[in-house]
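Enquirer: Residue-level listing of the chains:
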Amino acid sequence: MTGGRSDDRAIPTTGRLPAPIGRTAGRSPGSLAWARLRADRTAVVNGWILIALIIVAAAAPLVEALYGIGPQDQFQGQLDRYGMPIGPLGGISTQHWLGLEPGLGRDIFIRLVYGLRTSLVIATIATLVTITVGAAVGLLTGLVGRWTDGVVGAIIDVALAMPFLIVALTVVPTLTQRFYGPRDAVPPSFQAFSLILVFAVLGWAGTARLVRGQVLALRDREFVDAARAGGAGTTHIICRELLPNLTAPILVSASLALPAYIAAEAGLSFLGIGILEPTPDFGRMIQRSLGYLQTDPVYVLIPGSVLFLVVLAFNLFGDAVREALDPRAGGSGAR
Amino acid sequence: MIRFLVTRSARAVLTLLVVSMATFLMFFLLPRDPVTGMCPKNCNAERLDRVRHELGLDEPILEQYLAYLKGIFVGRDLGSAQGGHCSAPCLGYSYVNNEPVSTTIARVLPVTLSIVIPAAVLWLVLGIGLGMLSARRPGSLLDRASITISLAGASLPLYLVGGLLLLVFTYRMGIVPVPHYTPPWQNPLGWAGGLVLAWMALAFLFSAIYARLARAQMLETLSEDFIRTARAKGLAPRVVHGRHALRAAITPLVTIAGLDIGAALGGTVITEVTFGLRGLGRTAVDAVHDGDLPTIMGTVLVAALFIVVANVVVDALYHVIDPRVR
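These protein sequence lines map, in sequence, to chains A and B.
Letter by letter, the first sequence follows residues 1 to 335 in the numbering used here.
Letter by letter, the second sequence follows residues 1 to 326 in the numbering used here.
Think of the hints as simulated: they come from the structure by calculation, not from any bench.
Accuracy of the hints is not assured; some may be wrong.
With a straight-line Cα cutoff of 25 Å, these simulated SDA-like cross-link-like pairs (lysine to any residue) come out [as the list claims (entries may be wrong)]: (1) B/K70 with A/V158; (2) B/K70 with A/I155; (3) B/K233 with B/A120; (4) B/K70 with A/D157.
Stretches of chain B that chain A covers, calculated by requiring three or more beta carbons in the stretch to come under 8 Å of a beta carbon on chain A [stated by the list, open to error]: (5) 68-77; (6) 95-102; (7) 193-206; (8) 262-270.
Heads up, the beta-carbon is just placed ideally off N, CA and C, and yes, glycines get one too.
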């Protein structure tokens, strides 16, 4: 009765496993985790949802061609004289699946498809960069130790003490002004680049601290000593001895970082920093929609629920991954 | 203990110094002349030069930084256009707000405190309570309901929750006034009424996270040996849960709560923007839009101060609560 239900799933019985993985002999921790992940219904469902989201985002131009409406097309003719979409539920119809934006009359569905693309591209690149930098710094300081440890530790302290939103709010416009004049059109790629840069500069420290702690615990273990006694070089020790033992914490950081960056990107755009008009973006769409809270609540609910569902799918999948990697730690335990 | 506190505080001060340096440097990367943002209407070259001189912007960066630091600790004399002497802690003078930055911060800080502190009490009580309850009977209806709610809460953006709360309680039902800040010593009820939506939004999102954490911690603790011993001694389940397990499970939560509260005190930017409350976060956003450098620097520093102090407090608390880290 103790340990709750995370114990139920700690080691799935052979019978519940798909046949090829059900062998008992010689399973690596990786394949064990994979088996646990595949036996977890939440993980499988959300995994497929994520794959579908990624395909939709990647194939946004194709979706546009099939749907027949572009993200910048305006349908002023379908708005009434107050600029509100004609028809029930914010103008939802067979032509406009999720209705129209009040004012500009743009199609909400296709803007959400492109918004998903914006969001996923930024969050994925930011996650890859932060995790790589954080893991590399953590590995090196943990392994080399001595003075690097103190110096990098102090830098980590500073990075973690920076108030994230306020610094991001300051840095993004500063960067933009450095390269573009007040009347220049700032290309979306640069807006995305500056967001990723801010996420990376402020985000690596958490991962670095985590990995460093793991390396400190691992570097004096017997298997590392044995490798060193056998004449292995530092590269070998990092790649063959340490990294395989660090995949779990690194994956855990990544699974937490990705939905956090999706939310942070939307939050910054909500505050008017980051991705600017006319590039479609979740946060800005919600910010715009809040002005129509009383007149067109459907317009508020649609982008809000889509953002919620995307982040939820990532969180659920991340929970399942964490639980599969370390059954004892247990995620939220949601089924 | 004292030695620990001294070294830890010294490190915190060092961190703050580096944060202030980093913020200071950041503005020298600005291509735009900071003076244009600060000069009132009818600017000409001569006036700009005067403002620049008064601000000390024609001096080397190191001297400017040292003057700024000196202002924080002992106060400094600013030009007559900036209100003359500026007593410590002096964070400079804002031409946009026409007052010293420390005055602005002293005015908006109570708003942020009024949002964060009651919200933190709410989310800690609700979150930890819910987590504990669901850990008592894992898999029960209550457990599954609380997990679903907390997963939803952890994935919802605050501005959406805030917007919906506003729509329902203020615009549709009209039972809660439009959010505003009244000092609690003037009208405690008005204070609570004006901020209750912000508390609800923050408490909902954070208690979701804390419920998950508390549940996981509690389950882990309940599987440990000392709990089995306590049970074997024949103690009532209430005592085992409430006294033995809670104490061990709450330690890591203290750390996370301290850091979260510290970060929130530095400006609940999105909450303040969503509900139109002018606290530290909203002030920072406006300062960014106005290019008001002294105010931006002041808010960043104050926010960093909260985060760093929270870190020290958490470390010290950990020392007290958990004998193993001594």
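Enquirer: Compare the structure with each hint and give your call.
Expert: Evaluation of the provided hints:
no., hint, in the structure
1, B/K70 with A/V158, "holds, 21 Å"
2, B/K70 with A/I155, "holds, 24 Å"
3, B/K233 with B/A120, "violated, 37 Å"
4, B/K70 with A/D157, "holds, 24 Å"
5, 68-77, "violated (count 0)"
6, 95-102, "violated (count 0)"
7, 193-206, "violated (count 0)"
8, 262-270, "holds (count 5)"
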